Every structure is written in C-alpha cells, then in structure tokens.
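Student: Now for the letters of each chain:
Protein chains: 2
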Amino acid sequence: MLVYVAQLNPKIGDLRLNTDKIINAIDRARIEKADIVLFPEAAICGYPPEDLLLYDNFVNKIEDELQRVIEASKDLFIVIGTIRKNNKKTGKPLSNSAAVIFDKKLLGYKDKTLLPTYDVFIEKRYFQPGLEQKVFEYKGKKIGVLICEDVWAHGDNTISKYEIDPVLEMEKLKPDLLLNLSASPYCFEKKDVRKQIFSKVAKTLKCPQIMCNQVGANDQLVFDGHSMYFDKEGQLITIAKGFVEDHMLIDLEKPMPTFTYIEEPIKDLYEALVLGVKDYFRKLNLSKACIGLSGGIDSALVLCIAQDALGPHNVLALNMPSRYSSLSSLEDSHLLADTLRIELLDIPIDHMYQQYLDLLSPIFAGKSFDTAEENLQARIRGMILMAVSNKLGHIVLSTGNKSEMAMGYVTLYGDMCGGLGVLNDVSKSLVYKLSKWVNRKKEIIPNKIIKKAPSAELKADQKDQDTLPKYEIVDQVIDGYVEDHLSIEEIVKKYNLELETVKELVERIHLAEYKRRQGPPGIRVSKKAFSKGRFLPIVQGWIKD
Amino acid sequence: MLVYVAQLNPKIGDLRLNTDKIINAIDRARIEKADIVLFPEAAICGYPPEDLLLYDNFVNKIEDELQRVIEASKDLFIVIGTIRKNNKKTGKPLSNSAAVIFDKKLLGYKDKTLLPTYDVFIEKRYFQPGLEQKVFEYKGKKIGVLICEDVWAHGDNTISKYEIDPVLEMEKLKPDLLLNLSASPYCFEKKDVRKQIFSKVAKTLKCPQIMCNQVGANDQLVFDGHSMYFDKEGQLITIAKGFVEDHMLIDLEKPMPTFTYIEEPIKDLYEALVLGVKDYFRKLNLSKACIGLSGGIDSALVLCIAQDALGPHNVLALNMPSRYSSLSSLEDSHLLADTLRIELLDIPIDHMYQQYLDLLSPIFAGKSFDTAEENLQARIRGMILMAVSNKLGHIVLSTGNKSEMAMGYVTLYGDMCGGLGVLNDVSKSLVYKLSKWVNRKKEIIPNKIIKKAPSAELKADQKDQDTLPKYEIVDQVIDGYVEDHLSIEEIVKKYNLELETVKELVERIHLAEYKRRQGPPGIRVSKKAFSKGRFLPIVQGWIKD
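In order, the protein sequences belong to chains A and B.
First residue of the first sequence: 1, per the numbering used here; consecutive thereafter.
First residue of the second sequence: 1, per the numbering used here; consecutive thereafter.
Bear in mind the hints are in silico, worked out from the structure with no lab data behind them.
Note that this is a predicted model, so its numbers are computed, not measured.
Certain hints may be false.
Computed beta-carbon distance windows for the label pairs [claimed, not checked]:
| # | chain 1 | residue 1 | chain 2 | residue 2 | range |
| --- | --- | --- | --- | --- | --- |
| 1 | B | 439 | A | 460 | 49 to 55 angstroms |
| 2 | A | 498 | B | 91 | 52 to 58 angstroms |
| 3 | B | 103 | A | 500 | 38 to 44 angstroms |
| 4 | A | 368 | B | 33 | 55 to 61 angstroms |
Every beta carbon over 12 angstroms from chain A, so not counted as near; a handful from chain B, in silico [what the hints assert, rightly or not]:
| # | residue |
| --- | --- |
| 5 | 27 |
| 6 | 30 |
| 7 | 68 |
| 8 | 238 |
| 9 | 244 |
| 10 | 246 |
| 11 | 248 |
| 12 | 255 |
| 13 | 257 |
| 14 | 267 |
| 15 | 331 |
| 16 | 457 |
| 17 | 470 |
| 18 | 496 |
| 19 | 498 |
Note that the Cβ used here is the ideal one computed from N, Cα and C, for glycine as well.
Using the sequences and the hints, build the whole thing.
Tutor: What follows is the structure, given as structure tokens:
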C-alpha cells in the first residue's frame with residue numbers, strides 16, 4: 001500500500017487557493033499510483049483560522065470546498081483536515097475534523113478529541129471535542145485517524161494533563177496503520193519532543209504511523225513541516241523536508257532502511273526565521289523590505305535573514321547616524337551591506353535631532369539628559385524608515401531581540417517600528433549563535449560586529465551592560481521566568497544567581513509589558529513568545545518594586 | 001437575615017492589598033450586624049489574573065491570603081471568590097472557586113461549572129470545571145452558590161450554548177437563597193441583559209438572589225459593579241452603584257419596595273470610559289496625562305474624560321498645528337481647554353515638517369504627495385507628545401475612535417501613540433452621543449467642534465468623507481461585521497446598503513488589522529472590541545480585493 005503525504009503551505013482563509021493546491025496534490029498522488037493521500041490538519045482553511053471561524057459563511061464555504069475534494073478523489077482513499085459544523089444544539093458549534101473519503105464518497109469524519117487551549121492555542125474557543133476514536137477499513141486494513149494534539153497526551157512530558165488519552169482508546173481498535181493530521185508549530189528544539197512522542201505512539205499501537213504536518217508561516221506562527229513516518233517498532237523511517245512544501249511517497253510493504261537523523265537546531269531556527277519573513281511578505285503580496293542598520297549584531301543578522309527571504313534586490317538598508325554613533329558602526333554597516341549586495345542609504349539624523357532639541361527646549365529646559373533625548377534619536381530613525389515605507393512600499397523589519405524586548409531596551413515608536421519584529425522571540429544568546437552559523441563558511445557578518453560590546457549608541461560611551469547584567473544572565477532569567485514560569489526563588493536556585501539581580505530583572509520584564517503590547521508582531525520560535533500565547537496584565541500588583 | 005454585599009475594586013495580582021480590603025469589608029459588615037458577607041468572583045487576585053495563574057507560587061499565595069480571610073471571619077458566614085488548585089492528576093490544574101466560610105472554618109468550595117471561553121474570556125486555558133452544584137446550610141436556610149457564568153446558560157439568548165444549565169441542577173436542591181459571585185465586565189447596554197437573566201434565575205429557583213459584581217478597570221476591561229438583589233418573583237429590589245466601590249446591606253426578611261430603575265446607557269458609557277482612564281493611572285501609580293488636540297470632536301471628548309478621571313491640573317493639552325490646520329481648529333481647542341481649565345501648549349510643527357521634507361527629498365523626489373507626507377505630520381505630533389511624556393512623566397492618551405481604527409484612518413506611530421486609546425472601542429456615532437451628553441447642561445465642548453465635518457487636516461481641504469461613506473454607514477458595517485459576525489450579504493440586507501460599499505468597508509477592516517495590532521490598549525466598552533477578545537489573522541485570504 002502506497003501512502004502519499006502532502007505537506008502543504010496554505011494561506012489562512014484562502015479556501016479556493018488552498019483547495020486548488022490540495023486537488024493538485026491528489027492528481028500527483030494518482031500519477032504516483034498512491035492508494036492513500038494524507039493532508040495536514042485544517043488543510044482547507046489553513047491553521048490557525050482564528051475568529052474567521054465565527055463567521056457562518058466561512059464555515060459553509062469550507063464545506064463547499066470539501067465537496068470539490070470529494071469530487072476529485074476518484075479511486076483514492078483521502079484523509080484531510082477540515083472544519084465542520086456539528087449538528088448538536090449545545091456545546092461549541094464546530095468540530096476540528098478529519099474527513100475520510102474514498103472514491104468520491106465521504107466515508108465519515110473523525111473529530112479531534114484533545115483541543116489544545118494553552119500557550120498559542122485557543123481551540124476550546126471554537127470547537128466541541130469528538131469523544132469517539134475510529135478506524136476506517138480500506139483494502140482489508142484498519143486505518144486509525146488522529147489529529148495532532150490527540151497523540152500528545154501519550155508523551156512522557158505532556159504539556160497539559162488531559163483526562164483522556166486517545167492513543168490508549170485507539171489501541172483497543174487494533175489499527176494496522178495510524179494516520180496523524182497535524183498543524184504543529186515550530187519552536188526551538190521541538191522536533192526532538194515530537195519524535196519521542198510519535199515514536200512512543202507507534203510502539204504502543206504496534207503499527208506504522210504517518211504524520212503529515214502543515215508547513216509555512218501564518219502571522220506569528222511558523223509551521224516547520226518535517227512530516228514523519230515511523231515503523232511499528234517506533235523507528236523513524238523517513239522525515240520530510242523542513243520549512244518548505246514537500247511530499248513523501250511511502251510504501252508500507254517495502255522495508256526501508258532506518259536512518260539516523262542529525263539535528264541541527266540553529267540551522268532550523270535560522271530557516272524558521274527566513275520562512276517567517278518570506279511567508280509574511282509573499283502571503284500579503286509584498287516583496288520589499290527596509291531595515292535600519294545600527295552597526296550592531298541584531299540588525300546585521302536581520303539583514304542576512306531578509307536577504308535570504310526576499311533576495312538582496314528587495315532589501316534596502318538605511319544608515320542613520322547621530323552624534324553618538326561611532327565611526328566603526330558606519331564602516332561595519334557598509335561592509336556588511338556590500339557583502340550582501342544590498343543597497344545602503346546614509347541619512348544622518350543629527351541635524352533633525354538638534355531641531356527637536358530646539359523645538360522642545362521650552363519643555364526640556366533645566367532638565368538633564370535622559371531617555372527623552374535617547375528616544376528622540378530612535379524615533380527620528382523610526383520616522384525615516386516609515387516615510388521610506390509609505391513612499392516606496394518597503395515594509396520595515398524591526399530588529400530588537402527577545403532579551404531587549406524583555407528588558408524594555410527598545411524604543412516604542414522608535415526602533416520598535418515595523419511590520420514584523422524578526423528577532424522579537426530570539427534571545428541575545430541565540431543571536432550570537434545564529435550569527436556564527438551565518439558565518440560558518442565565510443565571514444558574512446563582520447567579526448568586529450560580533451565581537452563589539454552591545455550598545456544602543458544613544459548617548460556618549462553607552463553600553464547595554466552599564467545598566468544591565470550580562471545578557472547570559474538576562475537570558476537565564478527570561479528562560480526561567482517567561483518560558484518555564486518559575487518563581488524568582490526557583491530561578492535563583494536553578495541558575496545560582498543573586499536574588500536582587502533576579503528580582504530586578506523580573507520587575508523589568510513586567511514594566512516593559514506596555515511596550516511589547518504595541519510592538520510589531522514577532523516570529524514565534526521559542527516555546528513561549530512574548531507576542532503570541534502569553535497573556536499578562538499591564539496593570540498588576542504581583543511583581544512590583 | 002442580613003447580607004452584606006461588598007462590591008470591591010481589586011488590583012490584579014496585588015493579593016495583600018486586595019485581602020486587606022476584603023478584611024476591612026468583613027469588619028464593616030460585622031459592625032453592621034450582618035450575617036452573611038458576599039464578595040465578587042476571584043476577589044483575592046482580581047479578575048482576570050490571566051497568565052499570573054501559570055505561576056505556582058502565585059496560586060500558593062492566594063491560598064495563604066484566603067487563610068487570612070478565614071481567620072477574620074469570626075461569627076460570620078462568608079462567600080468569597082478565589083482560585084484554588086484542584087488535586088486531580090488530570091485536567092487543568094486550577095479551579096475558579098467560591099470559598100464558603102463560617103466562623104473561622106472553611107465549610108467547603110463551590111467550583112465554577114461554566115467556564116467562558118469566548119470573546120474576552122479564556123477560562124478553559126486555566127480551569128477545570130466543577131460539575132457539582134451545592135447548597136450550604138446556614139441558620140436553617142439552604143444557600144446556593146453559583147459563580148458568574150454559571151447562571152448565563154439560563155438566559156433566553158445565551159452567548160454560548162452550554163451542555164449543562166447549573167441553574168436547573170440548583171433547582172433540584174431547592175435553595176432558600178442564591179448567591180452569585182461575579183466579575184462581569186461592562187459593555188454598552190449589557191446591564192439590561194444581565195437583569196433579564198438574573199430575574200429569570202430567581203423566578204426559576206423561586207428564591208431571592210443576590211449578585212455581587214466586581215468593580216473597577218483592569219487593563220482593557222471595565223467592571224461596572226451594579227451588584228443586584230432580586231426577590232423570589234424575579235423583581236429587581238436593589239442595585240448597587242455603578243463604576244465605584246459600594247456595598248449593600250440587604251435584610252432578607254424585610255420587604256422592600258420594588259423600584260423602577262431608569263437606564264441611562266450613554267451616562268454609563270461615559271462613566272465606564274472615565275473609570276477606564278482613572279484606574280489605569282491609579283493602579284500604575286501614575287497621575288498625569290497629555291493629549292494632542294486637533295480641534296476635532298474625538299480629542300475634545302478625550303480631554304473631557306481625562307479631566308473627569310484625573311483632574312484638570314493633571315492634564316496637559318498640546319496644540320500642534322501644521323500648514324493644513326485651520327485657524328478655527330486652533331481657536332476651538334483654546335476655547336475648550338479654557339472651559340476645562342486645562343493647560344494648553346502651542347507647539348507648531350510646520351518648520352519640523354519642512355525639515356523632514358528636505359531631509360527626505362532624495363527619496364520623495366518626483367513622487368506626488370500621498371499618505372507619506374500626511375503620516376509625517378501625525379508622527380511629528382506623536383514624537384512631541386512622547387517627548388513630553390518621557391521628560392515630564394505625562395502618559396499620552398490617544399484619541400482615535402473605533403470607526404477610525406476600523407478603517408485605518410489613524411497613523412501608526414502618529415496619532416496612535418499613547419499609553420491608552422480612550423476611544424478605541426467607541427464608534428463615531430457614539431462619540432457624538434457622548435459629546436452631546438457632556439454638553440447636556442452647558443456647552444463644554446464648543447458646538448462648532450461638534451458640528452464641523454470630520455477631517456484629519458493632513459492635507460489641503462481634506463475631509464474624512466472624501467474617501468469614506470458617512471460614518472453612520474461605516475458604523476453599521478462595524479456593528480454587523482465586527483460585533484455580530486454577519487457576512488457581507490447579511491449586512492447589505494440588514495441595513496439596506498450597497499454591496500460594493502459593504503465589501504469595500506469590510507476589506508478596509510481587514511487591511512487595517514496590522515495597524516490595530518500595534519495600537520495602544522483600548523478601553524473595551526462594546527460587545528466586541530478590536531483590541532481584546534478578537535483574534536483575526538493579519539495575513540489572510542478570506543477577505544481580499
């Protein structure tokens with residue numbers, strides 16, 4: 001039996017386009033003489049459709065498009081993720097379902113049982129759970145169908161403790177093959193966890209398992225693909241490409257050599273960021289970006305990512321020095337732009353800065369230099385970038401990293417300007433690792449940029465570490481507090497840090513909440529991003545001075 | 001039997017402060033010789049605590065503070081909203097509970113059954129539902145306890161169709177009195193719905209019902225208080241004050257005259273906005289605001305709201321004319337500021353605007369005047385406001401209304417700058433009604449401001465209606481599309497509009513999604529705000545040109 005796994009990149013809500021792609025994949029599967037075609041979760045609308053689901057006609061149209069899939073299914077057994085209305089009068093009105101189709105007939109639905117409602121997931125907002133597990137007979141084989149999260153209660157370290165484990169109920173049905181339709185977003189090193197869980201599921205069920213994952217970036221989420229095939233011993237046999245559309249043709253009868261898959265987490269992270277930028281632009285029918293270069297490592301890395309995502313001719317860099325910018329920053333920016341073959345404009349802002357100081361002198365008079373003056377410079381740069389954007393159509397990519405966003409070391413309406421915050425969810429520590437990865441073959445990002453001490457260059461001789469502990473410590477506190485929800489005391493213990501240091505950093509994280517709330521959408525690549533899947537009040541009295 | 005209803009205003013997460021207030025209320029209740037003291041839902045932590053609930057030590061501390069309440073309960077029967085860990089190994093780890101206490105002993109818990117997970121509510125992210133309904137015996141009476149949403153399945157028009165109606169299960173227990181602990185946020189005209197539902201509940205149970213609601217603004221949500229007492233016939237007997245802390249002392253044996261409550265929805269709306277501003281500042285330990293006046297109705301209304309919320313001496317207004325500002329706008333702003341006794345600074349921006357045009361001339365050369373030039377003016381104003389904010393500590397209040405936010409008729413990083421978007425969720429139609437309400441006794445907002453045609457004054461002779469239909473139509477489409485989730489065709493039919501007009505307006509709503517995502521937090525006063533409780537993708541293909 002031949003299974004065709006269609007790892008597709010849908011556009012949220014573009015039902016016609018997505019279904020055309022689905023039908024193309026079916027046609028290709030037929031040419032390849034496949035018996036079964038497997039698609040990702042919610043393949044017709046793309047995942048996550050969010051509140052488009054609250055529009056009745058949106059769901060009606062999904063059901064219409066499913067009809068087109070059914071009509072295209074001649075001779076094939078197709079399992080595809082869709083959304084359907086459940087006809088009960090109570091409970092949530094929709095199900096997140098797999099439609100099982102054979103030879104132009106709908107055989108039935110399997111409704112998702114476990115509805116993730118944590119982190120970035122809000123499925124209980126929309127869906128009623130399906131409590132029944134099912135196998136579908138085809139060519140004498142019992143084919144079990146589960147949707148994404150349905151297998152995640154079976155892991156050793158489950159994120160949320162479910163009351164039901166659908167895998168154990170599936171076991172009673174003795175499937176010969178398990179198909180899993182997924183829309184499992186990327187986060188750093190998640191593939192490892194995924195492999196462990198899916199391997200365990202195959203072992204429990206003592207049958208092969210094929211998982212088809214969505215690929216592509218949708219707003220802040222990046223889906224990495226990496227669809228997988230496990231044999232009944234739980235060995236990973238094949239894995240599809242990451243971060244691109246791909247397909248696998250799996251012959252269940254033909255033994256395939258097991259292989260060792262070498263994880264390259266930093267490469268994955270880089271590719272996730274590139275895809276995050278690429279799909280944001282492509283799906284919005286945009287092509288051009290502009291980036292303010294500071295001479296620092298963050299904007300340098302963003303320039304590399306943008307070049308890979310959009311091509312050098314679609315990227316415009318701006319150098320906007322003030323009186324506090326160092327000459328070396330200017331030189332380093334030019335060197336980088338030359339290497340990447342990216343156009344770089346110099347627009348000095350010092351005259352404009354002085355104009356503001358003059359205009360505001362009645363208000364500023366007698367008061368000492370503080371963040372007001374620093375922010376002015378960052379905001380002039382933001383204004384210039386936005387003017388270029390408005391006039392020429394380039395979307396601004398902002399360059400603040402997660403550590404800076406955590407600490408509030410970014411200027412609202414200044415360097416936070418942008419359509420997309422490329423590094424919003426990338427810590428300073430990972431920025432260094434990514435930059436070294438970019439330079440793995442040759443020096444693309446000048447080593448001088450990588451080695452210099454972090455500085456915003458908004459006043460004389462400024463360094464980030466004048467007012468912050470080392471970023472290594474900052475990042476430990478972010479890991480502990482934001483990603484793992486540890487208390488201050490637990491962080492002190494885990495990382496062997498000073499209580500006062502941790503306390504102050506946690507306070508800063510809360511104090512900067514108001515800034516982040518107005519930041520550009522980021523590309524979520526960690527297990528807990530600030531921008532998506534984290535709900536914290538701005539006004540709160542739990543953490544305070 | 002005397003019931004003391006403590007309608008308190010908690011600060012999210014300030015467990016010590018909130019509990020001190022709770023204990024004060026208990027002491028006052030004792031002086032008043034009350035038998036029972038009733039508090040709102042989640043009274044110890046405040047509602048909604050959001051992801052603070054993911055911190056184990058946060059919940060531990062709530063449990064500690066509950067002990068203090070228990071110790072303070074001598075001789076009293078107390079029902080108070082709290083969060084507790086459920087001790088099951090599966091399911092969500094927490095319950096949203098009412099603790100029932102008598103004379104320094106915890107009698108038990110009632111766990112919330114219906115966990116709203118729609119609109120602004122995300123309770124299934126945190127809580128496991130309690131499936132059991134309970135009555136507690138006190139002085140020979142059976143006292144039923146339900147928490148907020150638990151009664152909302154009993155309405156005629158329930159928002160979400162629950163599978164269980166706890167009121168019907170409560171009916172079987174034949175309570176003599178029903179206590180409801182609520183944290184029910186205000187939205188326009190919601191009190192009417194609340195009264196209908198609670199009245200029906202009392203009638204079904206044939207017993208009196210007392211509802212204690214939280215009051216106060218927490219980030220974007222405003223809780224209006226308006227705690228209520230219904231007799232067993234479902235007549236509303238007493239209602240607590242709206243938008244302030246209040247208490248009611250209810251003698252269940254003493255017949256009280258029924259009364260007619262006159263709804264004043266525009267007054268309520270105005271008070272909700274004032275409280276939204278007041279609590280945002282107070283709870284952040286801030287006192288001063290600054291506002292850019294344009295000479296238009298929106299900024300005029302915001303100035304009135306800020307004056308009421310913070311006092312005239314705490315508000316600074318800025319007049320920032322460009323070459324496109326009309327003289328009358330300037331005069332009207334001065335007139336208004338004088339009436340409100342608010343300091344007004346004039347900072348003309350035209351010179352600065354020209355500086356930008358000069359600086360950007362290499363980029364702008366040969367291209368015609370467009371939104372790039374318009375946005376420059378709005379952004380210069382934003383920069384000046386933020387400079388004042390940074391230097392003097394005034395928080396910027398932004399003035400864009402919901403209709404403008406819907407259409408994208410606001411400038412990102414320009415007039416969208418601000419700590420709080422006072423009118424983000426107030427349509428232009430309601431801005432007019434509110435302004436008339438402000439002027440109900442005397443002309444505070446100059447009638448010239450109210451009567452002039454809406455204009456951003458960012459280019460010569462500009463009017464909003466040059467490129468938009470009348471705001472009346474815009475607001476109908478917002479009501480239909482955003483608040484009621486109607487399709488384009490349904491809106492055309494409901495409001496008798498042109499298909500092309502509705503289509504274009506709905507497209508605009510989606511196109512401006514990226515702007516709103518970076519807007520300041522608003523004060524949610526409609527049944528569907530853009531900023532909170534609405535999840536729509538920026539990148540989508542459902543609504544497009």
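Student: Please check whether residue 498 of chain A and residue 91 of chain B have a Cβ separation lying inside 52 to 58 angstroms.
Tutor: For residue 91 of chain B against residue 498 of chain A, whose Cβ atoms are near 38 angstroms apart, the range 52 to 58 angstroms is violated.
Student: Is it correct that the beta-carbon of residue 248 of chain B has no partner in chain A closer than or equal to 12 angstroms?
Tutor: 26 angstroms, holds
Student: Is the nearest CB of chain A more than 12 angstroms from the CB of residue 238 of chain B?
Tutor: Its Cβ never comes within 12 angstroms of chain A, the nearest being 31 angstroms, so this holds.
Student: Does the Cβ distance between residue 103 of chain B and residue 500 of chain A fall inside 38 to 44 angstroms?
Tutor: 43 angstroms, holds
Student: Closest CB-CB distance from residue 257 of chain B to chain A, is it above 12 angstroms?
Tutor: Fine: 40 angstroms to the nearest Cβ keeps residue 257 of chain B off the interface.
Student: Is the nearest CB of chain A more than 12 angstroms from the CB of residue 457 of chain B?
Tutor: 18 angstroms, holds
Student: Please confirm whether residue 255 of chain B is truly not at the interface, meaning its C-beta sits more than 12 angstroms away from all C-beta atoms of chain A.
Tutor: At roughly 39 angstroms from the nearest Cβ of chain A, residue 255 of chain B sits farther out than 12 angstroms, so the non-interface label holds.
Student: With d taken as the least Cβ-Cβ distance between residue 244 of chain B and chain A, does d exceed 12 angstroms?
Tutor: Answer for residue 244 of chain B: holds, closest chain A Cβ roughly 18 angstroms.
Student: Does the no-contact call for residue 27 of chain B survive, Cβ to all of chain A over 12 angstroms?
Tutor: 22 angstroms, holds
Student: Can the suggested window of 49 to 55 angstroms be confirmed for the beta-carbon pair residue 439 of chain B and residue 460 of chain A?
Tutor: Taking Cβ atoms as reference, residue 439 of chain B and residue 460 of chain A lie about 53 angstroms apart, which means the hint holds.
Student: Does residue 331 of chain B really sit off the interface, with its C-beta more than 12 angstroms from all C-beta atoms of chain A?
Tutor: 22 angstroms, holds
Student: Just double-check residue 498 of chain B for me: nearest Cβ-Cβ distance to chain A has to come out over 12 angstroms.
Tutor: At about 19 angstroms from chain A, residue 498 of chain B clears the 12 angstroms cut-off, so the statement holds.
Violation of the numbered hints given earlier is confined to hint 2; every other hint is satisfied by the structure.
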